[in-house]
Amino acid sequence: KNQVEQSPQSLIILEGKNCTLQCNYTVSPFSNLRWYKQDTGRGPVSLTIMTFSENTKSNGRYTATLDADTKQSSLHITASQLSDSASYICVVTMFSGGYNKLIFGAGTRLAVHP
Amino acid sequence: GAGVSQSPSNKVTEKGKDVELRCDPISGHTALYWYRQSLGQGLEFLIYFQGNSAPDKSGLPSDRFSAERTGGSVSTLTIQRTQQEDSAVYLCASSLSPGFSYEQYFGPGTRLTVT
Numbered sequence: 001k002n003q004v005e006q007s008p009q010s011l012i013i014l015e016g017k018n019c020t021l022q023c024n025y026t027v028s029p030f031s032n033l034r035w036y037k038q039d040t041g042r043g044p045v046s047l048t049i050m051t052f053s054e055n056t057k058s059n060g061r062y063t064a065t066l067d068a069d070t071k072q073s074s075l076h077i078t079a080s081q082l083s084d085s086a087s088y089i090c091v092v093t094m095f096s097g098g099y100n101k102l103i104f105g106a107g108t109r110l111a112v113h114p
Numbered sequence: 001g002a003g004v005s006q007s008p009s010n011k012v013t014e015k016g017k018d019v020e021l022r023c024d025p026i027s028g029h030t031a032l033y034w035y036r037q038s039l040g041q042g043l044e045f046l047i048y049f050q051g052n053s054a055p056d057k058s059g060l061p062s063d064r065f066s067a068e069r070t071g072g073s074v075s076t077l078t079i080q081r082t083q084q085e086d087s088a089v090y091l092c093a094s095s096l097s098p099g100f101s102y103e104q105y106f107g108p109g110t111r112l113t114v115t
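Note that the protein sequences, when read in sequence, are chains R and G. Residues in the first sequence are numbered consecutively from 1, following this note's numbering. Residues in the second sequence are numbered consecutively from 1, following this note's numbering.
In case anyone wonders, no lab produced these hints; they're calculated from the structure. Owing to the predicted nature of the structure, the values given are computational and were not obtained by experimental measurement. Fair warning: there could be bad hints in the mix.
[Said to hold, decoys possible] Which stretches of chain G does chain R cover? Using the computed rule of at least three CB atoms under 8 Å from a CB of chain R, they are:
id: 1; region: 34–44
id: 2; region: 48–61
[To be verified] Far from chain R, by Cβ distances over 12 Å, these chain G residues were calculated:
id: 3; residue: K17
id: 4; residue: D18
id: 5; residue: Q83
id: 6; residue: E103
id: 7; residue: R111
[As the list claims (entries may be wrong)] Here are the computed distance ranges between Cβ atoms for each label pair:
id: 8; chain 1: G; residue 1: Q41; chain 2: R; residue 2: G97; range: 19 to 27 Å
id: 9; chain 1: G; residue 1: G16; chain 2: R; residue 2: R42; range: 28 to 36 Å
id: 10; chain 1: G; residue 1: E44; chain 2: R; residue 2: K17; range: 49 to 57 Å
id: 11; chain 1: G; residue 1: T76; chain 2: R; residue 2: I12; range: 36 to 44 Å
id: 12; chain 1: G; residue 1: L39; chain 2: R; residue 2: T78; range: 41 to 49 Å
id: 13; chain 1: G; residue 1: N10; chain 2: R; residue 2: I12; range: 23 to 31 Å
id: 14; chain 1: R; residue 1: S83; chain 2: G; residue 2: G16; range: 22 to 30 Å
id: 15; chain 1: G; residue 1: Q84; chain 2: R; residue 2: N18; range: 40 to 48 Å
Glycine included, every Cβ here is placed at the ideal spot set by N, Cα and C.
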C-alpha cells in the first residue's frame with residue numbers, strides 16, 4: 001500500500017532553536033518528494049522538491065534530505081521563527097495513469113514559542 | 001497573479017442537505033485536483049481533471065460525491081445528502097500540466113461542517 005508516515009505528530013520548540021521532522025514512505029513508483037508548509041486556514045505551499053537522485057535541497061532556513069534507498073526524508077529547520085508555526089506535510093509523488101498523483105502524510109504540527 | 005480561489009471559505013449545513021463547493025484554478029492551468037482534509041488526517045485525493053479527458057474519479061468516497069469542470073476552468077464539487085462524516089476541509093489544486101515536475105498550487109480550502 002502506498003503510504004507516507006510522518007513523525008513526530010506535533011512538536012513545540014523555542015524561538016531560535018533548530019528542529020528536524022521525519023518522513024518515511026512506501027510509495028512506488030516514486031517520482032519525487034515534496035515538503036509543504038500549511039499555515040492554519042490556508043492551503044499547503046511547497047517548500048522543497050527532490051527527485052530520486054537528489055540527497056539534499058535547501059530553501060532558506062529549510063533543508064530537506066532524501067535517502068531513496070531507505071525511503072526516508074527529513075526536513076531541518078534552522079534558527080526557528082514564530083512564523084514557522086504551521087503544519088509541515090511530506091508528500092510523495094507517483095506518476096501513475098498519466099498524471100501526477102500525490103500521496104500525503106498526515107503532517108507534523110510545529111509550534112514555535114517565544 | 002491570482003492564485004487558486006475557492007468559495008465559500010466556510011459552509012455549515014444540516015445533515016441530508018446538498019452542498020456545492022467551487023474552485024477557480026489559476027488561469028491557463030490544465031490540471032485540477034480536489035482533495036479532502038479531515039481533522040488530524042492527511043489530504044485524501046478525491047478527483048482529477050485534465051483538459052477534456054475523462055476525469056479520474058477513483059478517490060470519490062461514495063456516489064453522493066460528484067464534480068464537474070466547465071469549459072476547462074471552474075470546477076464544482078457537489079455532495080448530496082450530506083453526512084456528518086463529510087465534515088472536513090475541501091482543498092482544490094491546479095497545475096500547469098499533469099507532468100510529474102509540475103507544481104500543484106493549492107487554494108485556501110472550504111471548511112464544511114455538517115450538523
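Taking the numbered hints from earlier one at a time, note which ones the structure violates and give those numbers from smallest to largest. 6, 7, 10, 12, 14
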